[in-house]
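*Asks:* Each chain, written out:
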Amino acid sequence: MSKIYRELLTAYARAWVRFKGNLAIKTWVLWEIILPTIFMASVIYAYKNLNAPPIFIGFVVLGTVMMNFWYNVLWGMGDVLYWDKETGKMEAFLITGRSIYMLLMGMALGGMINTGLRSATLLLIGIYIFGAEFRLEAVPNATLIFLLTLASLYCMGIIFSSLHLVYGRKGIKMNEVMGIPISFLSGQFYPINVFPTAVQMVASLLPLTVGLDGVRRALIEGWGIWELSPHIILLTIMTIVFLQIGVRFMNRIIEMGRRDGRLILRWQ
Amino acid sequence: MSSYAIETVDLTRVFRSKDRVTIALDKVNFRVRYGVIHGLLGPNGAGKTTLIRILSTLLLPTSGEAYVYGYDVVREASKVREVINLVSGEDRPGYGLLTTYDNLKYYGMLYGMKGGELEERIRELDELIGLREFMDKELSVLSTGMAKKYSLARGLINKPKILFLDEPTIGLDVENARAIRHLIKNLIEDGVIETILLTSHYMKEVEDLCDKVSIIDRGRIIAEGTVEELKNKVSDEVVYVIHVYSNGKGVDEVLNRLREIEAVSGVKKSATQATGEYVLRIVMEEEDITGILKILERSDLRIKRVDRDEASLEDVFLKLVGRGLDE
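So the sequences go chain by chain: U and S.
Numbers 2 to 269, taken from the working numbering, label the letters of the first sequence in order.
Numbers 8 to 334, taken from the working numbering, label the letters of the second sequence in order.
If you're looking for bench data, these hints aren't it; they were derived computationally from the structure.
None of these values were measured; they are calculated from a predicted model.
By construction, the Cβ of each residue, glycine as well, lies at the ideal position given by its N, Cα and C atoms.
Short derived list, chain U residues pointing at chain S, Cβ under 7 Å:
{"id": "1", "residue": "T11"}
{"id": "2", "residue": "A14"}
{"id": "3", "residue": "I96"}
{"id": "4", "residue": "R260"}
{"id": "5", "residue": "G262"}
Here are the computed distance ranges between Cβ atoms for each label pair:
{"id": "6", "chain 1": "S", "residue 1": "R309", "chain 2": "U", "residue 2": "A25", "range": "56 to 66 Å"}
{"id": "7", "chain 1": "U", "residue 1": "L118", "chain 2": "S", "residue 2": "E124", "range": "23 to 33 Å"}
{"id": "8", "chain 1": "S", "residue 1": "G257", "chain 2": "U", "residue 2": "E177", "range": "48 to 58 Å"}
{"id": "9", "chain 1": "S", "residue 1": "V286", "chain 2": "U", "residue 2": "E177", "range": "51 to 61 Å"}
{"id": "10", "chain 1": "S", "residue 1": "E124", "chain 2": "U", "residue 2": "R249", "range": "31 to 41 Å"}
{"id": "11", "chain 1": "S", "residue 1": "R130", "chain 2": "U", "residue 2": "I5", "range": "22 to 32 Å"}
{"id": "12", "chain 1": "U", "residue 1": "E87", "chain 2": "S", "residue 2": "N51", "range": "13 to 23 Å"}
{"id": "13", "chain 1": "S", "residue 1": "N36", "chain 2": "U", "residue 2": "R260", "range": "21 to 31 Å"}
As a list, the in silico DSBU-like pairs of lysine-lysine whose alpha-carbon atoms are at most 30 Å apart:
{"id": "14", "chain 1": "S", "residue 1": "K121", "chain 2": "U", "residue 2": "K27"}
{"id": "15", "chain 1": "U", "residue 1": "K174", "chain 2": "S", "residue 2": "K25"}
{"id": "16", "chain 1": "S", "residue 1": "K192", "chain 2": "S", "residue 2": "K86"}
{"id": "17", "chain 1": "S", "residue 1": "K192", "chain 2": "S", "residue 2": "K211"}
{"id": "18", "chain 1": "S", "residue 1": "K192", "chain 2": "S", "residue 2": "K238"}
{"id": "19", "chain 1": "S", "residue 1": "K144", "chain 2": "U", "residue 2": "K27"}
{"id": "20", "chain 1": "S", "residue 1": "K219", "chain 2": "S", "residue 2": "K86"}
{"id": "21", "chain 1": "S", "residue 1": "K86", "chain 2": "U", "residue 2": "K4"}
{"id": "22", "chain 1": "S", "residue 1": "K326", "chain 2": "S", "residue 2": "K311"}
{"id": "23", "chain 1": "U", "residue 1": "K171", "chain 2": "S", "residue 2": "K25"}
{"id": "24", "chain 1": "S", "residue 1": "K168", "chain 2": "S", "residue 2": "K192"}
{"id": "25", "chain 1": "S", "residue 1": "K211", "chain 2": "S", "residue 2": "K311"}
{"id": "26", "chain 1": "S", "residue 1": "K211", "chain 2": "S", "residue 2": "K238"}
{"id": "27", "chain 1": "S", "residue 1": "K238", "chain 2": "S", "residue 2": "K326"}
{"id": "28", "chain 1": "S", "residue 1": "K311", "chain 2": "S", "residue 2": "K301"}
{"id": "29", "chain 1": "S", "residue 1": "K166", "chain 2": "S", "residue 2": "K121"}
{"id": "30", "chain 1": "S", "residue 1": "K166", "chain 2": "S", "residue 2": "K192"}
{"id": "31", "chain 1": "S", "residue 1": "K326", "chain 2": "S", "residue 2": "K301"}
{"id": "32", "chain 1": "S", "residue 1": "K168", "chain 2": "U", "residue 2": "K4"}
{"id": "33", "chain 1": "S", "residue 1": "K256", "chain 2": "S", "residue 2": "K301"}
{"id": "34", "chain 1": "S", "residue 1": "K121", "chain 2": "U", "residue 2": "K21"}
{"id": "35", "chain 1": "S", "residue 1": "K166", "chain 2": "U", "residue 2": "K21"}
{"id": "36", "chain 1": "S", "residue 1": "K219", "chain 2": "S", "residue 2": "K168"}
{"id": "37", "chain 1": "S", "residue 1": "K192", "chain 2": "S", "residue 2": "K326"}
{"id": "38", "chain 1": "S", "residue 1": "K240", "chain 2": "S", "residue 2": "K326"}
{"id": "39", "chain 1": "S", "residue 1": "K192", "chain 2": "S", "residue 2": "K144"}
{"id": "40", "chain 1": "U", "residue 1": "K4", "chain 2": "S", "residue 2": "K166"}
Work the whole structure out from these sequences, hints included.
*Replies:* Structure follows, in structure tokens:
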């Protein structure tokens with residue numbers, strides 16, 4: 002069996018665990034579908050009550066869907082890796098000799114599948130119950146932007162994972178600190194052009210903001226590939242940069258791990 | 008292939024923090040032959056787990072060398088990982104929401120197994136260890152005994168040649184601990200595993216299981232040999248077991264005074280909290296215990312009974328270190 006195949010099997014195995022573990026929580030429909038739907042509905046009804054243009058329903062639905070992936074990266078990669086370490090799974094994993102990147106890829110894939118199912122359901126609820134309207138012909142362009150956003154988000158996830166391994170429980174606080182401001186800056190429920198230019202520029206450093214804006218422009222306003230090219234270039238650059246930083250961080254953590262025992266040190 | 012399954016040369020590991028330098032391993036030299044269960048006996052903090060973590064490539068040594076199956080643990084870590092596995096008694100590595108079967112499947116996949124090959128391996132482990140009863144139970148609901156069996160199965164999933172067992176029966180009741188020991192013994196006798204390095208601070212476990220024992224204390228190997236060879240180190244000593252009553256005050260002070268007696272090689276105490284009864288185990292170079300009795304009579308301790316006992320592995324440790332394994 003080739004080394005590459007064994008590494009890919011590692012990613013598959015971790016994704017399978019993530020997917021199966023999620024379904025094992027019997028109340029997943031409540032947490033994954035019903036509660037986010039109620040939250041999404043409350044914002045939609047607020048806009049409707051204010052007689053906002055129908056376009057805003059689409060904004061809210063897409064914002065809710067994309068935000069799910071962000072939380073999946075925050076909570077699903079860094080935290081999971083941290084708890085793997087705390088419960089002895091990291092030791093058992095490191096002894097297998099498999100690449101930690103394949104473990105992370107598996108976590109990301111498993112998370113993407115879980116979040117994808119949840120997001121698809123929310124999207125359908127948005128379309129069929131709340132009447133969100135999207136341009137079907139823009140789906141390929143929106144998919145391209147969406148995939149690039151996922152790539153850059155999960156590369157960011159490698160950075161979070163390495164920070165979690167270094168800072169331990171403080172990393173969980175970091176998630177809490179980052180959750181709300183990024184939700185605010187990404188324009189989950191509104192277009193970011195409501196912000197002053199300086200805030201818009203800061204917000205544009207986040208892949209979620211760029212991706213969300215691109216998907217909305219494609220699906221709601223019907224922008225073509227040429228008009229979306231700044232989004233595509235920016236997301237591609239972000240993916241490359243985050244990947245470089247993430248790999249550098251993680252390699253350093255792995256080196257420190259064997260030198261100082263950090264990858265197996267518990268309860269820090 | 009190297010002459011030894013495990014070999015270390017002046018292996019040293021130092022942990023440095025802001026305000027402290029801890030020498031966890033201090034120029035450890037030891038060898039483990041192929042085909043044996045080798046015990047590493049020592050109190051908590053002696054360096055057992057650090058040694059196992061270096062040998063299993065999880066931690067780098069500060070200096071010195073270590074070889075597992077002939078491979079250097081620093082330069083050939085990936086080759087070492089192909090022939091080893093580690094079972095830590097304090098953990099149940101796996102996913103609580105998944106069943107025993109699913110967890111074994113996961114770890115099997117990490118070792119490149121899949122399909123029929125993986126099914127077959129899990130079936131073999133079931134036959135070997137007896138997992139059927141809880142194969143379909145979630146890991147989070149397994150009893151401690153079941154979890155230990157699962158951990159052992161996980162440690163065998165890749166058919167390792169060398170298995171590291173770190174305190175494999177910690178936290179188990181007598182019956183379950185005996186069952187796990189029986190399983191471990193059979194692993195070598197049935198040829199499932201070539202060599203086992205087992206750490207423990209339970210004398211009984213080491214006496215029952217190990218062909219050879221290394222006693223480690225404060226990062227140094229202080230004695231080595233078979234259980235009988237080690238016991239011979241105290242064959243000329245006399246072991247007294249003295250039951251005393253105390254309100255708890257002054258017991259340690261009395262122990263220190265006993266240790267000052269020239270003929271006393273080592274003293275340890277164990278307590279029965281509910282009754283206030285303490286059992287003092289004293290290893291002596293001579294039979295005369297007049298000096299000991301005098302010290303006890305002058306203290307607040309009330310002597311209940313004085314017995315002589317056979318020398319055990321624990322007394323070897325007492326003689327070499329001067330205190331008990333659990334102190």
